[in-house]
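Number of protein chains: 2
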Amino acid sequence: MDKILRINMSGADGPQWAIEPLGAYAGLGGRAMTSTVVAAEVPPTCHPLSAENKLVIAPGLLSGSAAAMSGRISVGCKSPLTGGIKEANAGGQPSQMLARLGYAALILEGAPQEDTPYKVVINKDGAFISADNSLRMLGNYDLVEKMKAEFGGKVGCISIGQAGEMKLAAASIAFSDMEQRPTRHAGRGGVGAVMGAKGVKVIVVDDAGAPMRPPKDPVAFKAANKAFVAGLRKHPVTGQGLPAYGTNVLTNVVNEAGGYPTRNFQTGQFEGASRISGEALAELENNRGGEGSATHGCHRGCVIRCSGTFYDKNGRFLTKQPEYETVWAHGGNCGIDDLDAIAQLDRMDDDFGLDTIEMGATIAVAMESGIAQFGDAQGAIRLLEEVGKGTPLGRILGSGAAVTGKVFGVERVPVVKGQSMPAYDPRAVKGIGVTYATTPMGADHTAGYAVATNLLSIGGQVDPLSPKGQVELSRNLQIATAAIDATGMCLFIAFPILDQPDTFQSLLDLINGFAGLSMTADDVTALGRTILKQEREFNSAAGFTKSHDRLPEYLSKEALAPHGVVFDVSDQALDEVYNF
Amino acid sequence: MDKILRINMSGADGPQWAIEPLGAYAGLGGRAMTSTVVAAEVPPTCHPLSAENKLVIAPGLLSGSAAAMSGRISVGCKSPLTGGIKEANAGGQPSQMLARLGYAALILEGAPQEDTPYKVVINKDGAFISADNSLRMLGNYDLVEKMKAEFGGKVGCISIGQAGEMKLAAASIAFSDMEQRPTRHAGRGGVGAVMGAKGVKVIVVDDAGAPMRPPKDPVAFKAANKAFVAGLRKHPVTGQGLPAYGTNVLTNVVNEAGGYPTRNFQTGQFEGASRISGEALAELENNRGGEGSATHGCHRGCVIRCSGTFYDKNGRFLTKQPEYETVWAHGGNCGIDDLDAIAQLDRMDDDFGLDTIEMGATIAVAMESGIAQFGDAQGAIRLLEEVGKGTPLGRILGSGAAVTGKVFGVERVPVVKGQSMPAYDPRAVKGIGVTYATTPMGADHTAGYAVATNLLSIGGQVDPLSPKGQVELSRNLQIATAAIDATGMCLFIAFPILDQPDTFQSLLDLINGFAGLSMTADDVTALGRTILKQEREFNSAAGFTKSHDRLPEYLSKEALAPHGVVFDVSDQALDEVYNF
Chain A
176 MDKILRINMS GADGPQWAIE PLGAYAGLGG RAMTSTVVAA EVPPTCHPLS
226 AENKLVIAPG LLSGSAAAMS GRISVGCKSP LTGGIKEANA GGQPSQMLAR
276 LGYAALILEG APQEDTPYKV VINKDGAFIS ADNSLRMLGN YDLVEKMKAE
326 FGGKVGCISI GQAGEMKLAA ASIAFSDMEQ RPTRHAGRGG VGAVMGAKGV
376 KVIVVDDAGA PMRPPKDPVA FKAANKAFVA GLRKHPVTGQ GLPAYGTNVL
426 TNVVNEAGGY PTRNFQTGQF EGASRISGEA LAELENNRGG EGSATHGCHR
476 GCVIRCSGTF YDKNGRFLTK QPEYETVWAH GGNCGIDDLD AIAQLDRMDD
526 DFGLDTIEMG ATIAVAMESG IAQFGDAQGA IRLLEEVGKG TPLGRILGSG
576 AAVTGKVFGV ERVPVVKGQS MPAYDPRAVK GIGVTYATTP MGADHTAGYA
626 VATNLLSIGG QVDPLSPKGQ VELSRNLQIA TAAIDATGMC LFIAFPILDQ
676 PDTFQSLLDL INGFAGLSMT ADDVTALGRT ILKQEREFNS AAGFTKSHDR
726 LPEYLSKEAL APHGVVFDVS DQALDEVYNF
Chain B
176 MDKILRINMS GADGPQWAIE PLGAYAGLGG RAMTSTVVAA EVPPTCHPLS
226 AENKLVIAPG LLSGSAAAMS GRISVGCKSP LTGGIKEANA GGQPSQMLAR
276 LGYAALILEG APQEDTPYKV VINKDGAFIS ADNSLRMLGN YDLVEKMKAE
326 FGGKVGCISI GQAGEMKLAA ASIAFSDMEQ RPTRHAGRGG VGAVMGAKGV
376 KVIVVDDAGA PMRPPKDPVA FKAANKAFVA GLRKHPVTGQ GLPAYGTNVL
426 TNVVNEAGGY PTRNFQTGQF EGASRISGEA LAELENNRGG EGSATHGCHR
476 GCVIRCSGTF YDKNGRFLTK QPEYETVWAH GGNCGIDDLD AIAQLDRMDD
526 DFGLDTIEMG ATIAVAMESG IAQFGDAQGA IRLLEEVGKG TPLGRILGSG
576 AAVTGKVFGV ERVPVVKGQS MPAYDPRAVK GIGVTYATTP MGADHTAGYA
626 VATNLLSIGG QVDPLSPKGQ VELSRNLQIA TAAIDATGMC LFIAFPILDQ
676 PDTFQSLLDL INGFAGLSMT ADDVTALGRT ILKQEREFNS AAGFTKSHDR
726 LPEYLSKEAL APHGVVFDVS DQALDEVYNF
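Heads up: the protein sequence lines correspond to chains A and B, in order. Everything in the first sequence is counted per our numbering, starting at 176 for the first residue and increasing by one. Everything in the second sequence is counted per our numbering, starting at 176 for the first residue and increasing by one.
Keep in mind that the hints were calculated from the coordinates and are not lab data. Hints are not guaranteed to be accurate.
[To be verified] Simulated pairs of lysine-lysine, BS3-like, Cα-Cα distance not exceeding 30 Å:
| id | chain 1 | residue 1 | chain 2 | residue 2 |
| --- | --- | --- | --- | --- |
| 1 | B | 397 | A | 564 |
| 2 | B | 391 | B | 401 |
| 3 | B | 708 | A | 721 |
| 4 | A | 391 | A | 299 |
| 5 | B | 299 | B | 397 |
| 6 | A | 721 | B | 401 |
Here the structure is a predicted model, which is why all the values come from computation and not from measurement.
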């Protein structure tokens, strides 16, 4: 990873590409790379769809190596959804492939002169960019099939569906998985709309002939990796819960805790939760045969293996095993308890290229406005179809919950900085509320997953219903997360490293053995702080103030059943999160 | 004007009203009253459609008196369009009527328990509030006819059309004129959506039995009024230009100056300008007989008389004589040069209750996205019909240009703080650009009408194409305007008082004679500063920073024909406007 591929779409003679040395960006990976490039090169006040914005795609520091769990990829830009800096993170194959080809970052900049979908092919010989009108308004599934037919069964794809082409603010970027399906998405913040504005429909990555990245100290690296994997297997969440049921293992947990946002965050428990839980999903998958509930990784090198496959009633592949957030967004949050309908919505989101969290939250807001009924699965499917077709209604919904609330005059819109809250009600899980409010990303559970400590007793215990201790908890998790997001490691490694000091040490040994460094825990913390400060400075220059570090007012006023709680972490306390 | 009527819509037994003494609000009128009440009583971070927001309607200090030009009214709230504080100003009859009834302000607060349109009747005996489902989704014209039938030919109406009921962010509040037609609108910032959120469809004002407000010093007042009126008649703009052609006299002036935003601000001159100019409008009206181009006031006591009546091809009343901003918004900005179509669009805006500036700007953005063609008048009418019907497309458009740009992925969206720019391109009229950028209102020409000095040589001369001197110009005008907006005076009195020191003195004498004060010019300036600072503090608490005091970036990059100019007042200079 000693070079950057920069593609300028603005050329009068069509897009131009160049390979550059890392320069000032040397030593950066993942979110550290994307946020540093965006902060350095994107004017904070530019229009997110303008030529001035840039789309940065960066594998993690360890991506492309033999390190377990190192296949995550970061996508950065100024977000069309929030207006602030964005890092959206995905699994899939392209991270490892780009890293093996030596690219620490891919930067798309400028804007094309003509409205033509471009195809970018990256292989060991460089980049090949061509206009291809036959790709126009293809869904991700058809698009990836077409690329497979053209480039073979081993390439990886980074692509947008119809939503990205329409530059909708809920548009995602798809990363193909081990089965060459477009199921892993950099979902949040409308990164797909920025790719659409750059005119790039698909990036095909062909790593044929590119070797695995070698560690500087092979002996130390190998030993550390072994200890690290053993640590992951030893922890109950990464060793048992996630492999057994996937992320949807959380449905029953969060619902029982009374923090499961139901029907657009009206209550904290869903009477249909047990019908859409991870346990119910596993049973359904087993009954349908095939691979059943057997799980696998979203990228090569994964040892947690929380992904799965969803087959329809006829035993045909429909979509990946829907993640917890998706099951919640299209399920409980819309009052829907039908796993087949939820899986269908997941498939549609992946195909159109949409963030499942944003779309579930948006459909729930639309339901609150009365244009569909809570619990009406077919109504939800019809609404999502509108997005794929690009009808006016579809464009409203594809612009996310904040716009939908504005257009339909709905007051109860669960967003922060314009981005929808995920699957934990901040009134009953107050630590995650602090993260929603203060992360530079807009409401985002992955930015500082306080749910772990609030509900799962991981990394200590902090009462989810009390405002006490949540600021420190969220701050520490936000810092640690920013650092992990730089490594290319899956965020789920946080569970064992928070609980098991030896596993944290083996992660440090792994990084040090790979890069020939001698990083300490303090260095990791310093890296996380640096990333966050940079992101926050970008947002500040873009116009954000502490008044944007707030949850919507109604969450401080409307008590949430069953606990009868409001969000009561004070504004002063929220303003302390970034005092570091 | 010694009392406030406060109506709380939240009561479990229905809305409650109370008459209160002025207390801390004594001595305030118009914008001074609305902005002070909003700053004191509305939480800056509340949702604009929530029960926490308040709608404040306040006659000016001189309203209800015999002072010429004193019939303007201010409407204040937190704006659903900008998210900041809002004062929208209108003519019509209700200002004089409310003032004669003794009300310095009408405050609507809370939110109704049920979704029922309410009718409020205000007369000398108090307030009478009743639910009336027969009013639901009536346009302003039918609504006012119904009120006339119910309450007689002399009442005034303050009302919302379908747009306000739908809580659309471009919704206006209509004030009936001297002919009891809903043609005068507090247009900007979505104040109609706040009235809709309060559940109030119409406020009927009956001033029967309420006397004109007497001056403290009748002799001084009468003499000052005489001198003031003479001053207005002496000035070429208020004495000749406006009476002859109405506000649309500006079309040729601004177009010749190359500052007429054409086809969504793509160029600065419109080839069809002469076909929609004030001169062409007067000729058309004369040819159609009736009152022809004879002008009249929008409220009793007006001596400028820039309003008129537009009859259709069959000689039937269609709408008021469209104002310059409306002719521009639906005309040149959409590439339309057909006065009948423009008048039809004006009528529809008034009937649905929509801001003509916002709607014209929005339709132009929609045209840029390709869903209609520039110049297609019937296409524009069809788009506006969608708003009245409340279709998804109509709701997008009725949410204003910023939302429409977001939903359709358009980058060139001419808004500041979410509000559309009016009829002067800030690249060729840089003083008004400074006002657009820095006023707490969002892009608003009336907040500091630098066009007067840039293009009309009123109040001095400042080269419109140079960045020099624009900051001082805009600052001084913003301060003066805030003070005038407190008096209830029509803003057009600014032309003579800027040019004629004796007319300014007669205005001071008029205020002093009426209120028994001895205000000086410095006191007026101090009042203006106080209002602006209060508004700016509200916005700051709501989350606005200097990065919001900026024009969209493309105006600094895309040169405007014919002068080839960009907006080049520096950010540092813009940040100086509020250094007072």
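> Does the structure keep residue 299/B and residue 397/B at a Cα separation of 30 Å or less?
Replying inline: holds, 27 Å
> If you draw a straight line from the CA of residue 391/B to the CA of residue 401/B, is it 30 Å or shorter?
Replying inline: holds, 17 Å
> Would the pair residue 721/A and residue 401/B pass a check requiring their Cα atoms to be no farther apart than 30 Å?
Replying inline: violated, 53 Å
>> For a C-alpha distance cap of 30 Å, please report whether residue 708/B and residue 721/A respect it.
In response: holds, 20 Å
> Regarding the pair residue 397/B and residue 564/A, is the alpha-carbon distance no greater than 30 Å?
Replying inline: The hint is violated at about 67 Å.
>> Can you confirm whether the C-alpha distance between residue 391/A and residue 299/A stays at or below 30 Å?
In response: Between residue 391/A and residue 299/A the Cα gap is close to 22 Å, so the pair holds against 30 Å.
The structure fails to meet hints 1 and 6 from the earlier list, while all remaining hints are met.
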